[in-house]
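Assemble chain Y onto chain Z, guided by the hints.
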Amino acid sequence: MMRRTLVAYALLVTLLLAPSVALAEEHFVAPHVPISENALTSAELVDLPDMFDGSVVIFRGEAIGEAMVRGNWAWLHLNDDAYMERNIEEGAPLAGLNSGMPIWVPASEAAKVSVFGDYRHGGDIVEVRGVFNAACPEHGGDMDIHAVHVEVIRRGREVSDPVSSNKLVWAVVVSLAAAGAFVANRNLYRIRESRRS
Amino acid sequence: MILRPRKDDHLIVGKYVGKIVVGIGLLMAIPLLTSLVFGEWDTALDFVIGMGACFTSGYGLQVLCRTEKDLRLAHGLVVASGSWIAATLLGAIPHWLSGHEGSYLNAMFDLMSGYTTTGLYLIQDLDHISYGLNMWRHLLTYAGGQGIVVIALTFLVKGTAGAYRMYVGEGKDERLLPNVIETARAIWLVSLTWLGIGTAALTVTGLALGQGPVRAFLQGLWVFMGAWSTGGFAPQSYNTMWFHSPIYEIICIVIFVAGSFNFALHWALWLGDRKELRRNIEIMSFTVTALITVSIATFGLSHLGVYPDAVNLFRKTFYQVISAHTTTGFSTIYSRAFVTQWGPVAMLATMLAMAIGGSACSTAGGIKGIRIGVLTKAYLQDVRSMISPDSAVVVERYHHIRDMVLEDRVVRTALMITLAYVTAYAVLTVLGVLLGYGFTQAAFEGVSAASNTGLSCGITAPDMPNLLKWAYIVAMWMGRLEFMSVLALAGHFYAIVRGK
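Residue numbers (numbering that gives the first Met the number 0), protein chains in the order written: chain Z, 0 to 196; chain Y, 0 to 499.
Chain Z on its own, in the form it takes in the complex (with noise of 0.2 Å):
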């Protein structure tokens, strides 16, 4: 019964989603990213919200944070930054702040997604295809991606959290130290309240 349910959403999502991609693909105005051989950068797409608003875009990159499943869609975040192949954690150099696109799809392709980026992993990262919109109409004006299909291009990773032998010795020196000036300082205080008293 959940099962035909599932096909009957998944059917009625595509009869009703394949006609607005159909028609974005045809209003398709980006002259200089031909979609079928390069992905669009969150930058490009918000620096000219105008120039890509409505068309078909085709984006890359590592799922982060979680997907928020609001029934039968979910939200998925992906960040197309200098940390999508490899993150600060697992050593990569700084280079600048994050920046990605949120995408909207129906909730079983968000599901294919399974390793999502935070401190312990780099998140799955996933290649959509959807209509660009530079203020959602239907999601308050935010920009985002309406995505139908989900393809996850390599799997995320555990990420290792191994403590550096450095930063031990730092902090039983420097916790030694604390505890020798509290110390100090309680035995300073107790002589002046004896002298008073």
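Among the hints, a few may not be true.
What the hints assert, rightly or not - Quick partial rundown of chain Z residues pointing at chain Y, CB under 10 Å, derived from the structure:
| hint | residue |
| --- | --- |
| 1 | 49 |
| 2 | 73 |
| 3 | 94 |
| 4 | 158 |
To be clear, the hints were calculated from the coordinates, so they are not data collected in a lab.
Where is the CB? At the ideal position from N, CA and C, for every residue including glycine.
Relative to chain Z, chain Y alone:
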């Protein structure tokens, strides 16, 4: 004649700065515990080192600076501003050790931004930082919102006459209760009550929006801290756009508007005086200026046709502009979208809202509603005087917790502080332009930094010029302490060099 500070003066300042630094170290116990709970061992070491440095410096200062003398007003101001520098220098250690900051200057920038509840940040790859570090970022902005001196007054400083001087030095002058220590505790009582309710509301909403229980709770707690302190830090680089939810946005608005209200107003409401909400000059001033700035931004955006319908236009405009007006800095649009979508009219309205800011003696920054209200009343009084008979005495009144007569002394103080803010905005704008940024962007970012708002149009980034980073750090610090304490500290150093 300028008197050079004596040895006792240095001892007093050192002793109290030491106590506040110990307070910062104690505060680090919370992110340390968070790291231990989540097994983030390397991050835990960052906080052990940070705490150790704070305790060594703090207790060391108290050992070296033993004195029984109490603070004078000048000492209080110097302690307040000096302790913010010490807290920034030492509090930046975990940030720096995390490996996510490009330099120690960047780490200090983030610390000062947090303490001053500004919300601009230079931390890189925010979306991959540990829970412990994220807890520290939000905790320091929550603590900074109440005031780090307030923390010390609550837990570490015994009731002395000098305690009030430190409290004043942190840009607060309201006594909710006759005793300043009791006042500090009352501020915490109000803030912690809101913390419980606000975090619960955001957590439940986060769960309903599809978040897992742990993330819903932690993000609810952190977003609350960012909102209540009008700080603007958020756990993800997407800020509050992450949630894509009008309910979440409404809860945030309620929290950051409440956070921008005067603690004296909160205390009056706490005691059951609801009329205060309607009569208070700051609320009236905020309502009028919020209406004006939202209207200007709406006009600008509707003219450009950025948003597809009136509901979305209002939702986006109201959230960003009220966030700016309360100097929170939460946003549901990209930083660059201020330039690429909003355009100069809406940016101007947002700038105006940031410049005015929230209420005095609150977690908010900017010129403050009470000063705008007082100056408006002063203008009206002058106009009424001009059209009245020569023999008439025109008296202007306003209501702030109690009815007050508008005196020249009050107007003068309001005007001085307003001018100081306007000067800071202008200096940062000129500096931004000199460093190659466009006028509107330089002004937007400069006003945001000096008013402790934290909205960015894209200038604040790790690769921005170091000179601008220093300028923003100083501006955030001066803006939060409302200039007087920082000027007192500068005077203290001048007196050391040139005094007799």
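* **Hint check, failures only** => Of the numbered hints given earlier, the structure breaks none, since each of them holds.
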